[in-house]
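J.: Okay, here's what each chain looks like letter by letter:
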Amino acid sequence: MVEKKTVSTLIAWLLATTSALVLPWGAGARGAVPADARTTELDRRFTGNVRPFLQARCFACHGNGKHKGDVTLDAFKSFDSFKADRATWEDVQDVLKDGRMPPKKAEQPSADERARTLKWVGDALGYLDQTQPRDPGFVPIHRLNRAEYNNTIHDLVGVRFNPASDFPADDSGYGFDNIADVLSMSPLLAEKYLAAAEQVMEKAIVSGDPYRLRVARYDGDALKGNGSGTAERGRLLFTNGQVRATHAFVAPADYEIRVGAEADQAGPEPAKMTLRLDGKPLKTFEVTALRGSPQTCTFRVHVEPGERPIAAEFINDYYNNTAPDPKDRGDRNLYVDFIEVRGPIDAPPPGPSEIEKRLLFCGPADGPEGEKCAAQIARRFATRAFRHPPGDDDVARLVRIYAAARKEGEPFKKAGRLMLEAVLVSPQFLYRIEVDPADHPLVPHPLRDHELATRLSYFLWSSMPDEVLLDAAAAGKLHEPAALRAQVGRMLADPRSQAFVSNFAGQWLELRNLEGASPDPRRFPKFDRKLLGSMRHEGELFFGNVLHDHRSVMEMIESDYTFLDERLAKFYGIDGVQGTEFRKVTLSGEAAARRGGVLTMAGVMTVTAMPSRTSPPKRGKFILEQILGTPPPPPPPDVPALPNKGEKTSMTMRQRLEEHRGNPACASCHARIDPIGFALENFDAIGRWRDKEQTRTGEFPIDPSGTLPSGEAVDGAAGLRKVILAHREQFVRCLVEKVMTYALGRGPTASDRPYVNDICRKVHESDDRFDRVIEEIVVSDIFTSRRGKGN
Amino acid sequence: MSRQIPWISCHPTSISRRTVLRGLGATIALPLLDAMAPAVARAAQAVAGNSAASPAGTPRRLATFFLPNGMNMDHWLPSQTGEQFELPATLEPLGAFKDQITLLQGLALDNAKAKGDGPGDHARSCAAFLTGAHPHKTAGADIHLGISVDQLAAQQAGIETRLPSLELGMDKGGMAGECDSGYSCAYVSNISWRTPISPVPHEVNPAAVFARLFGSNEEDDTPEIRARRLRERKSILDAVSDDARSLGRRLGRGDQEKLDEFTTAIREVELRVERAMARKEVQPPDDAKRPAGTPEDFGEHMRLLCDMLVLAFRMDLTRVSTFMVGSDGNDRTYRWLGLSDGHHALSHHGNNPQKLEGVAKIDLFHAQQFAYFLQKMHEAKEGDGTLLDHSMILYGCGIGDGNRHNHDELPILLAGRGGGTITPGRQLRYSKGTPLCNLHLALLERMGVKADRFGDSTGALKNLKA
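Sequences listed follow chains C and L, in order.
In terms of the working numbering, the first sequence opens at residue 6 and continues consecutively.
In terms of the working numbering, the second sequence opens at residue 2 and continues consecutively.
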């Protein structure tokens, strides 16, 4: 049997890799282009124009036996050889377009020559896009990451307590933490899944009486507040003050609060202690007990459910060592040994919760009746948890767990709960699974509707599909482009799409890293956690607005508005914003020149700086990588150390980097990276505007000007925005590729190119709207189809 | 992301792990066959006569502390030659344990070098440190490394204990951005690898470690409740294994690797549950406190995790552990040491004396926390000596000087007597380029794992016992 499978797989693989393959649908099958005429024409232009161009401009380094940068161009003798290696030609297109090649020191082609070659490369690549079979790629089964797990549990069960926060962090790849290849599984994680399943179900289906009487005791070291912990047990209050414990009261009922206390007595009266609940005084006790023989102060009170602070407060501190009468001298101190809560007292058990009624919608019952009901419960829950209807064997397996538990004497409710726990540890829940057709697994094929629903909901909501989506899938209509577009519109309008904003934007713009940012407090005393929160909020609100308000993605580069609260507005030097509420603020005058778009937001400027200073290369690299999609190569190994200049140099950042660029090993890349970073030098390491830079010997005016290898001048943030706007196509392509990586959960490959080209064209036709980027990705074959993998 | 050409896999895949697993039925430990893990030339097997225990019968323990970004070597290397040495500045906090330390010099991690893969020394130094393997360069697809020495030891030494191994670390992870020059974060944030494709993540929260060790996290848990929970878990895991088997029949070959990873993890948990059911419950000792959570203070956090590790060793809940003080390339700011630049930024010191001083301060701080750990290991009496006497604790980096990113002349020390198999209190100088894997091989031997070769080893490190 194994052999048979291997043979059929091999055949399928051969099918998938030969050019004879004809796709049953999609662009590859159109064949509307009169192939012969087009290829003849492309071949003629190649021989007539392009090859002579290469010979004159490129072969010196990339031909005639030379392979600089592993690129050899004289091997391309005809359009046929071009077809075999499109990746190289995409590189050629890029370097010709932005002027990186031919290198500056070489003689430059005329603008006409360059344009003619570029036109041909564009036409030839376009021809391939339209005629070659396409490959939507392979994504392995996809483990839910932590955010997806938390959201799915919430939507599936109805409890929100983020069990995944204790899971090991998900490793990322290609800049995102939802990459199927990278999301691995370990015994540790399996244990966590098991424990989380128990906790989730214990919360959803409470067994036993949650309102039974319990005693919770908070000893000295669990108490917060004033006082010192020097006492061997308990907390010492040597001056007026209080210690606290926060207790979760579960039921509306009476509780007995007990405080263990003792005192050093002095002065005319005993030590006094006020017991407070929620800050309100309950009773003031006289603590007559001496140190060493504690007393317990008890008070019974009715409390509503919720987390509430209980405080014991010392209110009559006394200290006198000068009184004429020695009796009046002394030091009065209070010791709080513990706070104890007994309760709820005599609370009647609550009925089943709404969640429980929804999950266990039939029963309780015994015998065959009970098993029938258990099967129904299992089927309904698994349908949603697996994101597709379970097989009969799946249901039977779950019912066996129920039956075994009943046999052990467990009640219906507990046995039912165990069954649901098993669903939460099933690979069909923990992984998003797409099954290839058994006969031709390696041939590209459309996803089943419920698989598509799952891709879509994890893309836009980082969670499971809702009923509407599942219904559309069940009706078999979801794959129709119109239905898909309608779903995208609906889902983006749903608050759950905030997950896309925070997970995608948080990683694309690296706003997530604000969490770990630690600007030097001596240099940046203004920076604190609250400001950091505002920074992240600005980025997410802005991004969300472009998405939800059907705006053009180009507003991310330049806009005349942003979102501010009073704290951030003050930080930006913008007047008239009061209070903690964020609002859309129109930028004008100086503020408009400085801010607008995402690039110059304080959050982005902070995560691309060092703790104590800016780093133009870091910012330059960020923009090349995340905004323009042309990451610079990593620095070569064994970079010789910069000569020692001492920490407090008198050189400006620009001077220091220019010296670095004197090294030829660094020069060519830094010529691309640094001018971009310099343009942002007016923003300090926490994104505050500055006109001058501080060095050891004084202040120097910032010079934010520079020239890119293409010859384009960049001057300051406003100038940089203009340059990027002029490279609109490049930015849109970069963003599309990033969103696609996130949407598919896999790294980009060369065969994605035709899909990306199509999507970029359609986005352009719809005014670059960000929601259209998402929509076009979703209706593209790259999203709606897949293939298996041979080995 | 424009120009990422998919990599052609360059590792041998002649036998899939699945094939092997299937052949072995219920065996849980991943066997190492030549074609699967060429690094280990022969299948791991127990050495006859229980050599993983000292003569008195107390088991040996193996722990690794991994430190990121290299060290200030001027403060690490003793000025003396010969076996006797004065503690260099960075190791001064270990003064009380000088006779428990072996300084190993000249060791190298060849597979952390580029070997044509370009930049990414931080990722490679992490990845190669315990595996001795050269990571396949990828940002995600086709991750491939090798099995790490601790996991190999755990296959043998872990059969006896509640947890085969315990992985701890200080980094929560989850940051955005690329990890290191085209390497997936999996290489940067893990030093323990169960298989060439499956990293073993570490636990950061001391409270969660405590709960794992003693299997209880509810306020009113009783032994009966815990026993019942074990039974329930067993029945759930049985069903899940069955579920995975049936799913496997529907999935294509490309998915099997992922499903195998899941199945293996589930089986291992099943085994742990079975073991916990079979033997008497281990109660935390009276002097052990359940941690409240993860302390804000870095030092306190690290010491608390050390407490958990000592506890696990003391109660014989595990015999193998790794502790990642930081992922390599980590740019944590050690503000409390008066430093405003991050660790990685400082490590590229450019011979700037202030930055070098900063690196030395960080190295010293780490050594102080390590001294705390050794102290606790020393205080735990066991059999004819202390826990420290019966342990082998590897402490060091996969990079020598953070500025040069060199992978030879690594700062490496070994603490403990390895149950009488090591004679500490000496510095040992090996010829330049001696593989760190020779040490790994020597440690494996002492943990009762017989292997002829590990990584690029040329033979077990000599002279550890005088």
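Heads up, some of the hints might be wrong.
Part of the chain C face toward chain L, derived, beta carbon under 10 Å [as the list claims (entries may be wrong)]: (1) F172; (2) F181; (3) R249; (4) L295; (5) I320; (6) D322; (7) D371; (8) P432; (9) E439; (10) G511; (11) G521; (12) K531; (13) G752.
Listed next, the in silico BS3-like pairs over lysine-lysine satisfying Cα-Cα at most 27 Å (straight line) [stated by the list, open to error]: (14) K332/C to K377/C; (15) K382/L to K71/C; (16) K451/L to K463/L; (17) K589/C to K727/C; (18) K208/C to K412/C; (19) K173/L to K73/C; (20) K229/C to K99/L; (21) K463/L to K208/C; (22) K173/L to K290/L; (23) K623/C to K173/L; (24) K235/L to K418/C; (25) K535/C to K451/L; (26) K419/C to K463/L; (27) K623/C to K109/C; (28) K412/C to K281/L; (29) K73/C to K377/L; (30) K466/L to K99/L; (31) K235/L to K412/C; (32) K466/L to K623/C; (33) K382/L to K290/L; (34) K463/L to K114/L; (35) K377/C to K281/L; (36) K623/C to K114/L; (37) K697/C to K575/C; (38) K88/C to K102/C; (39) K531/C to K697/C; (40) K102/C to K727/C.
It is worth saying that the hints were derived from the structure and are not from the lab.
In this text, a Cβ means the ideal position worked out from N, Cα and C, and glycines have one as well.
J.: Give a verdict on every hint.
T.: Consistency of the hints with the structure:
For F172/C, the shortest C-beta to C-beta distance to chain L is roughly 9 Å, which falls under 10 Å, so the interface hint holds. Given hint, F181/C at the interface with chain L, holds; its Cβ is 8 Å from that chain's nearest Cβ, closer than 10 Å. Checking R249/C against chain L: minimum C-beta separation of about 15 Å lies over 10 Å; hint violated. A hinted interface residue such as L295/C counts as satisfied when its beta carbon comes closer than 10 Å to some beta carbon of chain L; here the least separation is about 29 Å, so the hint is violated.
The closest approach between the C-beta of I320/C and any C-beta of chain L is roughly 29 Å, which is over the 10 Å cut-off, so the hint fails. Residue-level restraint check for D322/C is violated (minimum Cβ-Cβ distance to chain L is 29 Å; threshold 10 Å). Taking 10 Å as the C-beta contact cut-off toward chain L, the hint placing D371/C at the interface is violated, the least distance being around 19 Å. At about 5 Å, the closest approach between the beta carbon of P432/C and any beta carbon in chain L falls short of 10 Å, and the interface hint on this residue holds.
Checking E439/C against chain L by beta carbon gives a least distance of about 9 Å; that is within 10 Å, so the hint holds. Hint status for G511/C relative to chain L: holds, with the closest Cβ pair at about 6 Å, below 10 Å. Interface restraint check: G521/C against chain L, minimum CB-CB distance 6 Å, threshold 10 Å, status holds. Checking K531/C against chain L: minimum C-beta separation of about 15 Å lies over 10 Å; hint violated.
Taking 10 Å as the C-beta contact cut-off toward chain L, the hint placing G752/C at the interface holds, the least distance being around 5 Å. The suggested pairing of K332/C with K377/C is violated, with an alpha-carbon distance near 81 Å, which exceeds 27 Å. At most 27 Å may separate the alpha-carbon atoms for a hinted pair to count; K382/L and K71/C exceed this at roughly 69 Å. A threshold of 27 Å between alpha carbons decides the hint, and for K451/L with K463/L the separation of about 16 Å falls inside it, so the pair holds.
Distance hint between K589/C and K727/C is fulfilled; the C-alpha atoms sit about 23 Å from each other, no more than 27 Å. For the hint linking K208/C to K412/C, the alpha-carbon distance of about 24 Å falls within 27 Å, and the restraint holds. The suggested pairing of K173/L with K73/C is violated, with an alpha-carbon distance near 42 Å, which exceeds 27 Å. For the given pair, K229/C sits about 41 Å from K99/L by alpha-carbon distance, which is inconsistent with the 27 Å threshold.
Annotation: proposed proximity of K463/L to K208/C is violated, straight-line Cα distance about 57 Å (limit 27 Å). The suggested pairing of K173/L with K290/L holds, with an alpha-carbon distance near 23 Å, which does not exceed 27 Å. At most 27 Å may separate the alpha-carbon atoms for a hinted pair to count; K623/C and K173/L meet this at roughly 23 Å. Restraint check: the Cα-Cα separation between K235/L and K418/C comes to about 19 Å, which is no more than 27 Å; the hinted pair holds.
A hinted pair counts as satisfied when its Cα atoms are at most 27 Å apart, and K535/C with K451/L does not qualify at roughly 56 Å. Of the supplied pair hints, the one linking K419/C and K463/L is violated, its CA atoms being roughly 59 Å apart against a limit of 27 Å. Simply put, K623/C and K109/C have alpha-carbon atoms about 24 Å apart, close enough for the 27 Å limit, and the pair holds. Of the pairs offered as hints, the one joining K412/C and K281/L holds, with about 25 Å between alpha carbons and a cut-off of 27 Å not exceeded.
Straight-line distance between C-alpha atoms of K73/C and K377/L comes to about 58 Å, which puts the hinted pair past the 27 Å bound. A threshold of 27 Å between alpha carbons decides the hint, and for K466/L with K99/L the separation of about 16 Å falls inside it, so the pair holds. Between the alpha carbons of K235/L and K412/C the distance comes to roughly 15 Å, so the proposed pair stays at or under 27 Å and holds. Of the supplied pair hints, the one linking K466/L and K623/C is violated, its CA atoms being roughly 49 Å apart against a limit of 27 Å.
Restraint check for K382/L and K290/L: satisfied, since their Cα atoms lie roughly 19 Å apart, inside the 27 Å limit. Simply put, K463/L and K114/L have alpha-carbon atoms about 24 Å apart, close enough for the 27 Å limit, and the pair holds. Of the pairs offered as hints, the one joining K377/C and K281/L is violated, with about 38 Å between alpha carbons and a cut-off of 27 Å exceeded. Note on K623/C and K114/L: the hinted pairing holds, with a Cα-Cα distance of about 25 Å set against a maximum of 27 Å.
Proposed proximity of K697/C and K575/C is supported: the alpha carbons are some 20 Å apart, at most 27 Å. Taking the CA atoms of K88/C and K102/C, the gap is about 20 Å. The hint holds against a cut of 27 Å. At most 27 Å may separate the alpha-carbon atoms for a hinted pair to count; K531/C and K697/C meet this at roughly 18 Å. Among the hinted pairs, K102/C with K727/C is consistent with the structure: their alpha-carbon atoms are about 18 Å apart, no more than 27 Å.
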